[in-house]
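Q: In order, the protein sequences belong to chains A and B. Each residue of the first sequence is one higher than the one before, starting from 1 at the first, in the working numbering. Each residue of the second sequence is one higher than the one before, starting from 1001 at the first, in the working numbering.
Hints are computed from structural coordinates only; laboratory data are not their basis. Zero decoy hints are in this set.
So, partial list: chain B residues that the calculated Cβ filter (under 10 Å) puts toward chain A:
no.: 1; residue: N1009
no.: 2; residue: Q1011
no.: 3; residue: F1012
no.: 4; residue: F1016
no.: 5; residue: E1087
With a Cα cut of at most 25 Å, we get these calculated SDA-like pairs of lysine to any residue:
no.: 6; chain 1: B; residue 1: K1017; chain 2: A; residue 2: D549
no.: 7; chain 1: A; residue 1: K547; chain 2: B; residue 2: F1024
no.: 8; chain 1: A; residue 1: K538; chain 2: B; residue 2: L1088
no.: 9; chain 1: B; residue 1: K1010; chain 2: A; residue 2: I568
no.: 10; chain 1: A; residue 1: K254; chain 2: A; residue 2: A196
no.: 11; chain 1: A; residue 1: K538; chain 2: B; residue 2: D1008
no.: 12; chain 1: A; residue 1: K559; chain 2: B; residue 2: Q1021
no.: 13; chain 1: A; residue 1: K552; chain 2: B; residue 2: E1114
Covered by chain A, per the in silico footprint, the following chain B stretches (three or more residues, Cβ under 8 Å):
no.: 14; segment: 1019-1027
no.: 15; segment: 1097-1111
As the structure is a prediction and not an experimental result, all values here were calculated from the model. Each residue gets a CB set at the ideal place from its N, CA and C atoms; glycine is no exception.
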Amino acid sequence: MISTGKLFEDQEPFRLLFELSNDPILIFKDFQFVDCNKATLTLLGFSSKKEFETAIDEVLAPEYQLDGEKSSVKVKTMMNKAYQKGNHRFEWVHLNKKKEVIYVDVTLTQISYLEQNYLFAIWRDMSKQKKYEKNLEESEKLYSILFEQAADGILVGINKGEIIDANKSACKLIGYNKDELIGKNIKHLFSPKELAINPLRYDLIKNGDTIIKEREIVCKDGKVVPVEMNTKILEDGRMQTLFRDISNRKTAEKALIESEEKYRNVFKYAPLGIFHYDQNGVITDCNQNFIDIIGSSKEQLIGLNMLKDLNNLEITKKIELSLKTGEGVYENWYTSVTGKKTTFVKGLFKCIFDENRNFISGIGLIEDITQRKKAEIALIESEQKYRMLFENASDSIMIMNEDIFVDCNEKTLELFGCSKKELIGQSPYKFSPKKQPDGRSSKEKAREKIKEAIQGKSKIFEWVHQKADGTNFYTEVSLNVFDLQNKNTVQAIVRDISDRKEFEQRIYETIIETEERERQRLASDIHDEIGPLLSSLKVYIESLNPKGDATKQQYIKSKLQELIKETIDNVREVSNAISPYLLNKYGMEAAIESFIKQTENILTIHFKSNLKDKRFPLKTEIVFFRIIKELINNTLKHARAKNIGVHLQYNKGELLLCYTDDGIGLDKKYLSSGKTEGMGLFNIINRVNSIQGDYKFYEMSDGFKFTLTKKTPLLESIKK
Amino acid sequence: MTVLIVDDNKQFLEAFKFFLQENFSDRIEEIFEVSNGQECLDILKRNAIDIVFMDFEMPVMNGVEATKIIVDLYRNLKVVAVSFHSELEDMEKMLEAGARNYIIKEEISPEAVEKCFTNI
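Isolated chain B (complex conformation) (with noise of 0.2 Å):
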């Protein structure tokens, strides 16, 4: 299974990368990392994908817009929306572009990532 973290925030793409790295090196065969929306669409022409952990705030382009490019593209790639408690509103419209599921950054543990590895 190969992952990409979408997220403009330096020190969280590193920090939840070691995470998974660490919980999960059972299943994941590689993680890519970039920082927004359009590097997200870049990367994925190159690459297969199976799951994106998409932040919702970016620059260039953000999660929403992202969200709905790439779920018309690649049919069977997963986006698990990823965001802080207070943007919970704003998960909606990530759910409603197409993510499959979402993560709240204050509650990261395996627990909850094993969920959207599960439920998807």
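So here's chain A without its partners, still in its complex pose (with noise of 0.2 Å):
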């Protein structure tokens, strides 16, 4: 071993160099240890020379160097290196005394002292940037796998944008393979188009800034992309793109605005009245058909708090119902307090609220249906109008569902004088006498009416009904078949047609009698007239002896031919009871002039006509003629009247009798007593009727007037 000392004690300098230097610094003379200086012992962890010495081997070459060398081995190789060029630069792995690994680079130096060679060997203490480099390579490794790995497409790019790499997602998406990516520029990946609209901005990344922007990339197969482009600059100059496929994002994007736009155009065109609200019940936004409904305007309703603005209660309550159930409903008037309108609205608060029960939004819709209701209302007036007529009518009417009594107004209980629960659900023939006038039996006679009626055949029939106490009573029936929810609805209108029937009765009974009465006149007439003169002139006969005495048979002759006058003057008045003569012959004024004629000593008989010698059809002029007769009858027998007024006219071709007299009057029960008095009255109502003429018999205290009109042409005028 040989001292430093010695080596250096002519250049102490040198010696302090040697050991106050940061560096460790080790002295070998061949390839042997000679010495080294305290920083040496530092770095190695020893504290004497002599510690390190018997470690020293072992210290200063471990087995392997870390490119797997022997570390003997390599030494040698090193020194040598050394000795032949003069000096050598190697790093060198040593371990210090806890056989921890130290990084040094080594640079060995040939000195040659006093004619022998040393090694002059400074240290540089490499572990730290060792162990730096290791952390990089580390780095770099993660990096790389970070890279490789990426979810994101990235590339790599240098200048203005030459590609030198891109990981395993951008060729994934992007569809080239790696070796196709790398050399290509990066504005190959877009169209001309989209680089027209988003130019690449080098000079802001070359700036510092990272650019974020979306873009579409055209892939290799030409289909496009969109994608959102990351770019900046690396601290080395290159430029790296993270881009990510946002077709999904752009898909939902695009379904958002989709969703965004139906929901706005609901809001906007729906039928419906829309608003939103807030927890506090304040208007925040609306549709204009709501603005409309309200007949207000949108900066009136917009901040209005609506569970303290409004006037009306119950719509206050519904919305702070919704708030605090999530739903409230509303239908009736509304009368709005910005716009004044009044409208029947149907509206539907809603709330919505997370799972934490936190309020998100309100909204509520509105519908208008005020028509709906006023149409509502109208129906519901016209029901009830229907209702009134059908309770309030005169008739009784009853609906039948086929042949079941459903439903009838008060006025069929009062005929029928039995309850509505009694009525309901029974038939019609309950409600009537076994057999029918006509020995029909009613049920059967009734279906078949019924089901006449529903065919549309005959509607209106006479039925003869039965009472709850078994009374039976004439009813007229009309039959109106409707449809009502698919089934044949029957209505049924009966009128008590008791009143109408007895006054047919009556007049039935009264032309039976009338003719009965006037046959019997003729038989008397002619009994008591002809008859005896007939008798009388056979009795005449009898006593005529042609060998008798001459003055005697003249006196039977004069007899017989007074007799044979007066007979047939008699045939003549009866053959004119049974037919006028003159009516016949000269018309309607020659035959009442000459009726008047008869009763002139009994009273005045005024007579006026512009008839002349007009005439009529036959049937007309009868009827005329005996109603004149039966009213001079009438006014003489009961009238107690001295005069008589009897007008005939006709004019635009109707034939007009004003009839008058200055009697006691007609008394009103006359017509409806039944009593055989009114006999004539009945004649002329039969009578008028068989013409199909108009009469009218006039109330009146002092005297009596009755006016018939008939329309009839006029025959040819025969001259007397």
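Can you join these two chains into the complex? Each is in its own frame, and there are hints to help.
A: Have a look at this one:
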């Protein structure tokens, strides 16, 4: 071992440099260790050179170097290189006292001193640098993994977009393999149009800006994919572009936009009034329809607090309810506070909450159903009207499903003398005698009538009904069929015609009575007048004797002539009574004048006529003539009158009779009493009806007035 | 023999009276004539009459009533009902009332009247 003290004893300053150097310095002679400085011991963690020397082989030469070469072999190689070249610099691995790896950068310098060759080794501690390098390496490895495994596509470029690296995701997305991408300019990944719209801004990138941009990238197969690109310049001047496929995001965005658009359209164009409100019940937005329905303006509505500003307590309550429970419904008239318009609205107020019951949004849907409501009201009113007509009708009205009563009015119950409960559910024949006047079964006939009505045949007919107490009464039934809920619903209007029937019956009886009376009168005229005359004739003839006294024969002859004349007169009278001769031959005016002459002595008849010799159909003439006769007879018998007026006029195709007298007047009960004194009037009515004329009896306190009119053609006049 | 004719028809009264006078003047002493039942009763009170020719239908008092009264009052008085053919049914009432015979106006002849006289 050669002491460096001796080596540098003359050169004290160098000795100090050696000892005080921060870098470890070791001196070798040939291949043997000679000396080291303090810095060496410090680095390796030894307290003294002695301690260091005991572990020197292991410290200076661990078994293997980093490149895997054996230290014992490599150390000689390194030293030989130094001896040959004069110096050699290399990295070396030592172990410190704690057997930890120490990286050093070694510079071996050959020094010749006193003909001895020394190697002067200066170490630079590389541990920190090595550690850094190792970290860097690991980081690069990690980076590489991240780079390759990244979900986003990453391109690395230099200069003006020349691609120098690309990761798997980038390749996969764009469709090129890595080799194809490297060397390509990034601009070729975009369409010219895209570049025109969104040019690549290297200027900004180079300034250090990070550019985030959505672009459309053109893949190898021509497919265009929307991407979000994030480009920045790296410290080393390279540019890194991260890009992400945002197709799904774009689709979602588009869907969201569409959905929003849809909602906007619904909001805007829905036939509903829509408004939004917050948790305080304040309107935050509304559509035009809502404004129109309320008749207000957007300015007045937005900001309106529905819990405070409305004057409709019911609506306020419903809004409150929606805020508490999520839903409120209102349907009624509403007068706008801001617009003063009154509408019938149907409103649904809905609030949406999240899972923690936090209020998200409130929405109100308002429908203007004023027209519908008005129609409903009109319908209800019309129904009420109908109900009123139905209930107050003077005829009985019954509603049947087929032949079962389902409803009836008040008059029905009055007419049948039963309660509604007793009637509903029954059939019409339950309220009829077993048989109708024609002998047919009521049940069978009723069913037939209903069937006919349903088929649209005869609708009005006469029917005998039976009251609850068993009394039969005549009715006229009118059946109307209408379709109600696909069922044949039959409406039966039943009119009590007992009075009419009785009246008809009386007229019928009167006709028979009159005819009988007339026959009897004729029979008695013939019997009493002509019979005795003819008997007398016979008796005289029995006394005729051609051989008898000439004077007597002359007397008999004169008697016979007298009787025959009287008989002829009588026959004419009777014949005239049957069919007025004058009327037939000369018309009404002449016949009436002749009849009036017979009453001259009893009272005064004022007869006025413009008929002259005008002739009318035979039936009309007879009816007018007989009615005048009947009226005059009635006046003579009952009226105690002094004057009678008979006016006959023919004007514009209408024959008019006006008859008056100044008697005691017509007893109103006359017509309805049915007593025989009224028979004359029944005769008159019956006769008028037989020619379908119009008549009227005037109610007067002093006297009597009757008019009769009949539209009739004029027959050619017959001259007297 | 005195005869009374009760009939409300003047022509017939006149004709029948003339007929009786002409045909039965040998037996009839006097002929009275009245126009209803009441007058018949009145004249019977004042005159003795043997035979009455009584009409059926008359005003004031008809033949049936008059017959009932006079047959009770005058036991010997004979009543002959006089009627038209059409009144044959009424004849029964007259016979029930007490008439002894009847003669039909249309069939008046001397023979028919003779029968009335002889049957009494």
